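Asks: Heads up: the sequence lines are chains U and Z, in that order.
Letter 41 of the first sequence, counting from 1, is numbered 70 in my numbering, and no numbers are missing.
Letter 9 of the second sequence, counting from 1, is numbered 38 in my numbering, and no numbers are missing.
Please keep in mind that the hints were generated in silico from the structure rather than gathered at the bench.
All figures in this text were calculated on a predicted structure; none of them were measured in a lab.
One or more hints might be untrue.
[What the hints assert, rightly or not] 20 Å max Cα-Cα, derived SDA-like pairs, lysine to any residue:
#1 Z:Lys103 - U:Asn95
#2 U:Lys63 - U:Thr79
#3 U:Lys183 - Z:Arg94
#4 U:Lys52 - Z:Lys103
#5 Z:Lys183 - U:Phe92
#6 Z:Lys103 - U:Asn47
#7 U:Lys103 - Z:Lys183
[Claimed, not checked] Just a few of them, taken from the derived set where beta-carbon distance is under 8 Å, the chain Z residues facing chain U:
#8 Ser97
#9 Leu101
#10 Pro123
#11 Arg126
#12 Asn141
#13 Gly142
#14 Arg161
#15 Ile219
#16 Val297
#17 Gln325
[To be verified] The following label-pair restraints were derived from C-beta to C-beta distances:
#18 U:Ala145 - Z:Pro148: 30 to 36 Å
#19 Z:Gly370 - U:Gly370: 18 to 24 Å
#20 Z:Arg365 - U:Leu263: 35 to 41 Å
#21 Z:Glu319 - U:Ala89: 49 to 55 Å
#22 Z:Pro148 - U:His135: 22 to 28 Å
#23 U:Ala145 - Z:Lys52: 32 to 38 Å
#24 U:Gly136 - Z:Asp258: 41 to 47 Å
#25 Z:Gln325 - U:Glu179: 50 to 56 Å
#26 Z:Glu361 - U:Asp199: 51 to 57 Å
Positions of the beta carbon are idealized from the N, C-alpha and C atoms, including for glycine.
Protein chains: 2
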Amino acid sequence: MPETARRTAPLSATRYGNRPTMKDVAARAGVGLKTVSRVVNGEPGVTPETERRVQEAIDALGFRRNDSARVLRKGRTASIGLVLEDLADPFYGPLSRAVEEVARAHGALLINGSSAEDPDREQELALALCARRVDGLVIIPAGDDHRYLEPEIKAGVATVFVDRPAGRIDADVVLSDNYGGARDGVAHLIAHGHRRIGFIGDMPRIHTAAERLRGYRAAMEDAGIPVEDSWMSLGVTDPQRVRRAAEEMLSGPAPVTAVFAGNNRVTVTVVRVLAEQSRRVALVGFDDFELADLLQPGVTVVAQDAAALGRTAADRLFRQLDGTLLTPERIELPTRLITRGSGELPPAD
Amino acid sequence: MPETARRTAPLSATRYGNRPTMKDVAARAGVGLKTVSRVVNGEPGVTPETERRVQEAIDALGFRRNDSARVLRKGRTASIGLVLEDLADPFYGPLSRAVEEVARAHGALLINGSSAEDPDREQELALALCARRVDGLVIIPAGDDHRYLEPEIKAGVATVFVDRPAGRIDADVVLSDNYGGARDGVAHLIAHGHRRIGFIGDMPRIHTAAERLRGYRAAMEDAGIPVEDSWMSLGVTDPQRVRRAAEEMLSGPAPVTAVFAGNNRVTVTVVRVLAEQSRRVALVGFDDFELADLLQPGVTVVAQDAAALGRTAADRLFRQLDGTLLTPERIELPTRLITRGSGELPPAD
DNA sequence: CGTGCATATGACAACGTTGTCCAGGCTCTA
DNA sequence: TAGAGCCTGGACAACGTTGTCATATGCACG
Numbered sequence: 030m031p032e033t034a035r036r037t038a039p040l041s042a043t044r045y046g047n048r049p050t051m052k053d054v055a056a057r058a059g060v061g062l063k064t065v066s067r068v069v070n071g072e073p074g075v076t077p078e079t080e081r082r083v084q085e086a087i088d089a090l091g092f093r094r095n096d097s098a099r100v101l102r103k104g105r106t107a108s109i110g111l112v113l114e115d116l117a118d119p120f121y122g123p124l125s126r127a128v129e130e131v132a133r134a135h136g137a138l139l140i141n142g143s144s145a146e147d148p149d150r151e152q153e154l155a156l157a158l159c160a161r162r163v164d165g166l167v168i169i170p171a172g173d174d175h176r177y178l179e180p181e182i183k184a185g186v187a188t189v190f191v192d193r194p195a196g197r198i199d200a201d202v203v204l205s206d207n208y209g210g211a212r213d214g215v216a217h218l219i220a221h222g223h224r225r226i227g228f229i230g231d232m233p234r235i236h237t238a239a240e241r242l243r244g245y246r247a248a249m250e251d252a253g254i255p256v257e258d259s260w261m262s263l264g265v266t267d268p269q270r271v272r273r274a275a276e277e278m279l280s281g282p283a284p285v286t287a288v289f290a291g292n293n294r295v296t297v298t299v300v301r302v303l304a305e306q307s308r309r310v311a312l313v314g315f316d317d318f319e320l321a322d323l324l325q326p327g328v329t330v331v332a333q334d335a336a337a338l339g340r341t342a343a344d345r346l347f348r349q350l351d352g353t354l355l356t357p358e359r360i361e362l363p364t365r366l367i368t369r370g371s372g373e374l375p376p377a378d
Numbered sequence: 030m031p032e033t034a035r036r037t038a039p040l041s042a043t044r045y046g047n048r049p050t051m052k053d054v055a056a057r058a059g060v061g062l063k064t065v066s067r068v069v070n071g072e073p074g075v076t077p078e079t080e081r082r083v084q085e086a087i088d089a090l091g092f093r094r095n096d097s098a099r100v101l102r103k104g105r106t107a108s109i110g111l112v113l114e115d116l117a118d119p120f121y122g123p124l125s126r127a128v129e130e131v132a133r134a135h136g137a138l139l140i141n142g143s144s145a146e147d148p149d150r151e152q153e154l155a156l157a158l159c160a161r162r163v164d165g166l167v168i169i170p171a172g173d174d175h176r177y178l179e180p181e182i183k184a185g186v187a188t189v190f191v192d193r194p195a196g197r198i199d200a201d202v203v204l205s206d207n208y209g210g211a212r213d214g215v216a217h218l219i220a221h222g223h224r225r226i227g228f229i230g231d232m233p234r235i236h237t238a239a240e241r242l243r244g245y246r247a248a249m250e251d252a253g254i255p256v257e258d259s260w261m262s263l264g265v266t267d268p269q270r271v272r273r274a275a276e277e278m279l280s281g282p283a284p285v286t287a288v289f290a291g292n293n294r295v296t297v298t299v300v301r302v303l304a305e306q307s308r309r310v311a312l313v314g315f316d317d318f319e320l321a322d323l324l325q326p327g328v329t330v331v332a333q334d335a336a337a338l339g340r341t342a343a344d345r346l347f348r349q350l351d352g353t354l355l356t357p358e359r360i361e362l363p364t365r366l367i368t369r370g371s372g373e374l375p376p377a378d
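Model the full assembly from the supplied sequences, consistent with the hints where possible.
Replies: Spelled out as structure tokens, the structure:
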């Protein structure tokens, strides 16, 4: 490079391709740096004439404020993080959409990631979000020990747990009434005459799964029905194994006459299995799903309101940020039994 | 506050609650600032002993690197933006999950927002993401003029459009073969003897909707069937109006004997309407959906691979960032006809 | 004509990190 | 034992923005 070229002032060197900065805008408009800042942020104290010149320079250069620098200076990022289990799970769609809507109403952006039900990945993600200095975190926990968040919370990161409680830490939690919902669902089957009722659910280390199992047991106990081990299948969610589990409890000398499915994925698989059976078997599922009403028979479910979970959580998050909210609370939202036919079938012994 | 207290050096003043900085860590460990940086980033040239001391200080203070400052310095944010239409739409779940997975493989986070099919909101979102200096953008366009992104692209923001093409701008685009898919679907109905075939789709200003309509017309023309206006309903997606549209084309002296539904939401509503009809009406839908196989009859669909769309788009994005990819391209992914029964019903005149 | 006040503008430091460069201490070899 | 070369560690500037403060200008008033 020739000496003369090196001497040329290279505007402000940039690494974002070649982005103009406020300094460049200021130079072009023939004003001071701070004046540009004022125009960009709509602060008062700028003559219309000056503002016009600055605006012109901005348009000409295609300037866009660098929010990274702004964040560094101001300390608030106007973004919140959402850690969930799987973006593609239909249950989390409405939930994250609700969180996004609340965020948007507060002028914040949403950064999200999936933990894939892996505690390490959850932690990695949550901490990465903290490193970016999100203002707050909405977490659907995969793990059961969240002490790693203590320094963050102490440092002012608002935090709300949804769908499952936080572990070993005192924080806001928004849950569905998994226990009550499951108990109602199973009681519903019992009320329709069933006594041998199967339960297929996820690993009991997942809080929701454990609570639903507890609800199942409670309903059975309330009715004075001793539960046999062969009626319960825990920790299976992949279709293959759910199928096998269902087929097992439907065979043998005293097969179940009804099944309670622990979540939407299980329900769907069980529906497939039941469709192949000659005998009519009753079914109640936890979680509603699209088209449940169109199947033959319609599927009776215990529905939780995913959007309400997300909305409530995000609301609390921003109230934490406002300072309106101080003591962590545990909120439990009710579930709703939706009868559509499959849960009202009588036992076919 | 007593004078003595005021004189105490207040660590480094912070606004993130009270977060320790590298400077604080350095002071506590009795080393230089840059040494801490080296340890934090795993750079070589630090004695094990020094490293241990630094690590100790980090743990003791609960230090977490401030990525905002890092970004400012380095120029890359290791995050990409995703602008889609609606997080809760089941079609976009797998798509965004695929994008997230690719991003994760490249060590990047995903920031996303929903445009709600509003061009202004799309622009607002995209530009907000640019202001945060995301490295790249994956956009499912709502609008049809993307010239507003020109300065950004010129400045080095990698950009890929998915599902629908970019407007008035030269950029990477990843699409499904909407035209071909729709044509095949309608041809399938024709092959099963139908001639009066209805079409219910979204507003033709949406590219995918227009292409699918074009495919419908092409198939009809190929078969030498003149299309009557009353067979087509464009621009309706909300259940109410889809229902009315479907009921209309199913009544009258020469009702349609088959319906082609332009997207998953329409399909679902049409399924409901058809379930109420005494006459058997054939149906092919664009987009696959869960449980389509469990309905009576199973719903024949033209399936697009949402995950592949997302994966392809994200791949290209990162190849743009690598510099491996230079000229914008338009990629069209094939669709697949899945026959399940509803599309193979014969016409019931 | 000087004083006071309001308003418009700009200079400068700071935010927390990383890249560059230099200093000091060590080992190795001639 | 002196010189060369390597390794560790630290000082300093820069990234692009905003808050603070100082200055300049204009105007009204005594």
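Asks: Is the hinted pair Lys52 of chain U and Lys103 of chain Z satisfied, with a Cα-Cα distance of at most 20 Å?
Replies: Between Lys52 of chain U and Lys103 of chain Z the Cα gap is close to 19 Å, so the pair holds against 20 Å.
Asks: Any CB of chain U closer than 8 Å to the CB of Arg126 of chain Z?
Replies: Since the shortest Cβ distance to chain U is 4 Å, the answer is holds.
Asks: Interface hint check: Arg161 of chain Z, Cβ to nearest Cβ on chain U, cutoff 8 Å. Holds or violated?
Replies: holds (5 Å)
Asks: Given the hint of 50 to 56 Å, is the C-beta distance from Gln325 of chain Z to Glu179 of chain U inside that range or not?
Replies: Check passed, 54 Å falls within 50 to 56 Å.
Asks: Does the alpha-carbon distance linking Lys63 of chain U and Thr79 of chain U stay inside the 20 Å limit?
Replies: Roughly 12 Å between the alpha carbons, so the hint for Lys63 of chain U and Thr79 of chain U holds.
Asks: Verify the interface restraint on Pro123 of chain Z: the C-beta must sit less than 8 Å from at least one C-beta of chain U.
Replies: Nearest chain U Cβ about 5 Å off; hint holds.
Asks: Hint says 22 to 28 Å; check whether the CB-CB distance for Pro148 of chain Z and His135 of chain U agrees.
Replies: holds (23 Å)
Asks: Within a Cα-Cα threshold of 20 Å, do Lys103 of chain Z and Asn95 of chain U meet the stated pairing?
Replies: It holds: about 13 Å lies between the C-alpha atoms, which stays within 20 Å.
Asks: With 8 Å as the cut and Cβ atoms as the points, is Gln325 of chain Z at the interface with chain U?
Replies: holds (5 Å)
Asks: Between Arg365 of chain Z and Leu263 of chain U, does the C-beta distance stay in 35 to 41 Å?
Replies: holds (37 Å)
Asks: In this structure, is the beta-carbon distance linking Glu361 of chain Z and Asp199 of chain U contained in 51 to 57 Å?
Replies: holds (53 Å)
Asks: Is the distance from the Cβ of Gly370 of chain Z to the Cβ of Gly370 of chain U consistent with 18 to 24 Å?
Replies: holds (21 Å)
Of the numbered hints stated above, those contradicted by the structure are hints 7, 15, listed in ascending order.
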